[in-house]
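Residue numbers (my numbering), protein chains in the order written: chain A, 1 to 315; chain B, 316 to 1004.
If you're looking for bench data, these hints aren't it; they were derived computationally from the structure. Glycine included, C-beta positions come from ideal geometry on N, C-alpha and C. Please note that the accuracy of each hint is not assured.
[As the list claims (entries may be wrong)] Beta-carbon label-pair distances, calculated as ranges:
| id | chain 1 | residue 1 | chain 2 | residue 2 | range |
| --- | --- | --- | --- | --- | --- |
| 1 | A | Glu206 | B | Phe481 | 14 to 22 Å |
| 2 | B | Asp768 | A | Arg233 | 28 to 36 Å |
| 3 | A | Arg233 | B | Asp346 | 35 to 43 Å |
| 4 | B | Asn766 | A | Ser71 | 57 to 65 Å |
| 5 | A | Arg233 | B | Asp500 | 27 to 35 Å |
[As the list claims (entries may be wrong)] Facing chain A, a subset of chain B residues (Cβ under 10 Å, in silico):
| id | residue |
| --- | --- |
| 6 | Met420 |
| 7 | Ala421 |
| 8 | Val444 |
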Amino acid sequence: MLRLIVRRLLFIVPTLLLVSIVIFLLVEVVPGDPGRVKLGPYASAEQVAQVDHQLGFDRPLAQRYVRWLGSFLTLHWGDSWNLGVPVFSLTMQRLWSSAQLAALALVIIIPLSILLGVVAALRRDGIADRIITVTSLSLTVIPEFVSGVVLIVLFAVTIKIFPVSAVAPAGSGPFTRIYHLILPAIPLMFVELGYIARMARAGMIEALDTAYVRTATLKGLPRRRIVVTHALRNALAPTVAVIGTQIGWLVGGLVVVETLFNYPGIGKLMADSATLKDVPVLEATVLVVAAIYMLSNLAADVIVALLNPRVRFGR
Amino acid sequence: MSDARESRLTIGSDAPVLSIDDLRVTFVRRDLDLPVVRGVSLEIGAGETYGLVGESGCGKTTLAMALMRYLPANGRIDGGSIALDGEDMLAVSRERLREIRGTKMAMVYQDPATALNPALRVGAQIAEVYRFHGGLSKADALERARAALERVAMPDPAATLRRYPFQLSGGQQQRVVIAMALAGDPRLLVLDEPTTGLDATVEAEVLDLIAELRERIDASILLISHNLGLVARMCKRVGVMYAGRIVEDGPARDLLTDPRHPYTMGLLRCVPRFGMRKDQAGLVPIPGFLPRLGSGLEGCVFSPRCELATDDCRESEPELDHWSDAERARRARCYHSDQVSGMRAAAAERAPGAAATSAGGALEISNLGKIFRDGRRRIVAVNDVSLAVAPGEILGLVGESGSGKTTLAGCVTGLLKPDDGSIRFAGQELPRSVAQRGSERLRAIQMVFQNPDSTLNPAWSAGAILGRAVNRLGGLRGAARRARVEDLARRVRVEPQHLEAKPGELSGGQKQRIAIARAFAGSPTLVICDEPASALDVSVQASILNLLAELQASGGISYIFISHDLAVVRYLSDRIAVMYLAELMEIGGAEAVFTPPQHPYTEALMSAIPTIDFAHPRRRIPLRGAVPSLSAPPSGCRFHTRCHRMLGAVCIEQEPPWQDVGEGHAYRCHIPADELCDLQVAAAAGDPE
Chain A
1 MLRLIVRRLL
11 FIVPTLLLVS
21 IVIFLLVEVV
31 PGDPGRVKLG
41 PYASAEQVAQ
51 VDHQLGFDRP
61 LAQRYVRWLG
71 SFLTLHWGDS
81 WNLGVPVFSL
91 TMQRLWSSAQ
101 LAALALVIII
111 PLSILLGVVA
121 ALRRDGIADR
131 IITVTSLSLT
141 VIPEFVSGVV
151 LIVLFAVTIK
161 IFPVSAVAPA
171 GSGPFTRIYH
181 LILPAIPLMF
191 VELGYIARMA
201 RAGMIEALDT
211 AYVRTATLKG
221 LPRRRIVVTH
231 ALRNALAPTV
241 AVIGTQIGWL
251 VGGLVVVETL
261 FNYPGIGKLM
271 ADSATLKDVP
281 VLEATVLVVA
291 AIYMLSNLAA
301 DVIVALLNPR
311 VRFGR
Chain B
316 MSDARESRLT
326 IGSDAPVLSI
336 DDLRVTFVRR
346 DLDLPVVRGV
356 SLEIGAGETY
366 GLVGESGCGK
376 TTLAMALMRY
386 LPANGRIDGG
396 SIALDGEDML
406 AVSRERLREI
416 RGTKMAMVYQ
426 DPATALNPAL
436 RVGAQIAEVY
446 RFHGGLSKAD
456 ALERARAALE
466 RVAMPDPAAT
476 LRRYPFQLSG
486 GQQQRVVIAM
496 ALAGDPRLLV
506 LDEPTTGLDA
516 TVEAEVLDLI
526 AELRERIDAS
536 ILLISHNLGL
546 VARMCKRVGV
556 MYAGRIVEDG
566 PARDLLTDPR
576 HPYTMGLLRC
586 VPRFGMRKDQ
596 AGLVPIPGFL
606 PRLGSGLEGC
616 VFSPRCELAT
626 DDCRESEPEL
636 DHWSDAERAR
646 RARCYHSDQV
656 SGMRAAAAER
666 APGAAATSAG
676 GALEISNLGK
686 IFRDGRRRIV
696 AVNDVSLAVA
706 PGEILGLVGE
716 SGSGKTTLAG
726 CVTGLLKPDD
736 GSIRFAGQEL
746 PRSVAQRGSE
756 RLRAIQMVFQ
766 NPDSTLNPAW
776 SAGAILGRAV
786 NRLGGLRGAA
796 RRARVEDLAR
806 RVRVEPQHLE
816 AKPGELSGGQ
826 KQRIAIARAF
836 AGSPTLVICD
846 EPASALDVSV
856 QASILNLLAE
866 LQASGGISYI
876 FISHDLAVVR
886 YLSDRIAVMY
896 LAELMEIGGA
906 EAVFTPPQHP
916 YTEALMSAIP
926 TIDFAHPRRR
936 IPLRGAVPSL
946 SAPPSGCRFH
956 TRCHRMLGAV
966 CIEQEPPWQD
976 VGEGHAYRCH
986 IPADELCDLQ
996 VAAAAGDPE
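Work out the full structure, taking the sequences as your base and the hints as a guide.
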């Protein structure tokens, strides 16, 4: 078990290196001179060249990459070109805001969609199953910017039960803050619902069909015991794995939702830095998001292993 | 059997524990009603063991599931009644059904590995029965679970409680399932193919346990099996099922020695009796196939496949008691019961096969070794094995799973690279890897696998599969290729129209025929058959064995024939090699290996086969303990930990020498040939049975 974690952690290092190279090269090929970005359209060519020299942009590519990587690893992430504040604290601050939004969405949607998936599996091909399957699939295919706009129009503008802004006024208590986050969390939930519920349904149907569930049934166990202890435990593994990848995927949803609700999270930060070509911020946010993606996958694998004694005993 | 039990039997015979009357079960598929069980009636008395035999698809398992009221959503009970201890099983409430399952009737399944929940500890799974039926606390239930494991003779029951199913051997898993089934003290125990898929020695161990428990528990037993020998050994009464009906029933011994229904006779003629040889008598497969479900059945369902069928049979169906003998408690659903015993003569005498006489080996394996590495563990799967296969010879390879049979075969085909030793083929050293062998040797050495489902590409038609093999191995194209494919199909008796079909549309037997034809596409000289008939029904198995024997007789092809079924191996092989824990233990002529002197391991394996030969019952030699781990094999003689003829320290300390019996028969043991022969002859003579 420990070996599994260590091995996977070691695997993350080269993957992140690869991501860093890709994002570094990507920033290179995007048009726009870094000095020009920093100084604006009215600066003279000499000034731009001077800034480029200060930033080291006139040196060979490989050398720049190594330098950048070195300072990144020692947490010297530099200052944002656009906002002029240190990138590290900016990223972490925004990450924390995003985490709150994502956590709210996940805390509600994971148990709910697993429950719906299980109910659908138990009522397979029945009315409940069809309603759950069709609804969750329909909600999943609505893009966040569509559902987000509709929600704002409906519940923030027409019937004013939720605030338009996702940010609570400074100094509000936790409940007010959560209240402000509900509306932006809903589009995220919609998207996740379909994936998780469908996985839970499929896993549960498969588990209910196994010989060991037949054994449990013919032992005369109560239905609850069969469903929860025998089937669900084995059915959850693929669902957990999907949740792991979805957490990473969620960031993409955050970009849209945070922009729409003007919420200062890492998604919005990433989008803004890309539009404004704020190189240090863009590189930092991409790497942080990639790391989160991989760590959440690792966490999912660990949970899967905990559910499955075979993996735990290294067999 | 004790007197108390006898008296219980007589009392019990008045009120049967299970009584099924005219039961009908129908499956609905694509809006069609398919009758699977068509009016079955049977009774099982208290303490009685009733066997139900028949090929797959005859409705035995559906019948069992209907008993447990556990039919799939598209199955329904259409008529008839099931009474358990006088209680109408078709009228019970859902809650009562839950109570009945586990306490009044319980089930043991075919594959214990999948029947146990992989994520729960064994103890928790047994304890559940006590918790939810007996209302015991978790701790008390676990204590009872420990006692339950003790009852099924599980070694170290307390430790086993904490194990997960995958940490147990197949035999131990089945013990757990049996312990679980017995936990609620059921009145009826349903055993559905309880030993199918287990090794012969494990099978014998499980059967011994069931036979022994039968004396101590109250339950009546319904044993479902396709294995006539097993049913003969375990059951007092037997019912033979065909196409959803019971076609014959009666006392096991009487029915199997004097069958009165052609189907029963057909089943008996499909299976090689232990001691039967391919050159003495051919097996007689039952022609044709099971009628398709729902097809208009008129007259006797067996008539299309029956050699005794007359117009009467095709017009109206006989009743089950059309032939009956009240004194012998026998019944048969046949108009021609008196002619069934005459069918025996119809068994075709086979021309003796091409005897393996030519000197010089087709295949010579010397000091072969194969090691698998798993992290830091070294697993020696084949250790220092030397043997030769003569041209035109069938070498049978037997041993329990894990003995290295399949690994050895893999080294010969080149799919596995041996770590040690050499393989010479037709006088030349074989390169270790299949990639270096060149097309000529690929053609010459071919393999037939156990499961044709996974070795035939499901997206290709049978003809395309054969065509590709003919092209790759025989270098034929165009019309020549087509002609060769048709010729191959003829030789394996596959109808030309079936060449258009994809594997999914073919029956199991047809698929295995295609797989065999593929191996023969390039006229090989050595074919390795790894359990080629084990997954097939007995009647299909018979035709596959006949086919392999015919192909051998027609052209000097050698086989290495791997099987766990000793009767089949003895029937087909010219010589037999016995492997145990990666080493060769005995090799010799097929008859010599099965007569004294023989290696104690071979002796034990042989004694484990359930037999229908009532005249010559064999004494069971139980193998002690579990198969040791290959990563830490026992010192000295590898078999000493389980040997019933162990001499003493010498077996533990020294590797045994090869004892040469003559005529190419030799075994590895410290006991000299004449001494061992005396011991074994004396043991056979002193049989208690």
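Hint-by-hint comparison with the structure:
Distance hint for Glu206(A) and Phe481(B): a CB-CB separation of about 18 Å, consistent with the stated range 14 to 22 Å. Range check, Asp768(B) to Arg233(A): Cβ separation about 30 Å, and the 28 to 36 Å hint holds. The hinted range of 35 to 43 Å is satisfied by Arg233(A) and Asp346(B), whose Cβ atoms lie roughly 37 Å apart. Hint check: Asn766(B) to Ser71(A), Cβ distance near 59 Å, so the stated range 57 to 65 Å holds.
Taking the beta carbon of each, Arg233(A) and Asp500(B) are about 28 Å apart, inside 27 to 35 Å as hinted. Residue-level restraint check for Met420(B) holds (minimum Cβ-Cβ distance to chain A is 8 Å; threshold 10 Å). Residue-level restraint check for Ala421(B) holds (minimum Cβ-Cβ distance to chain A is 7 Å; threshold 10 Å). Interface restraint check for Val444(B): the shortest CB-CB distance to chain A comes to about 6 Å, inside 10 Å, so the restraint holds.
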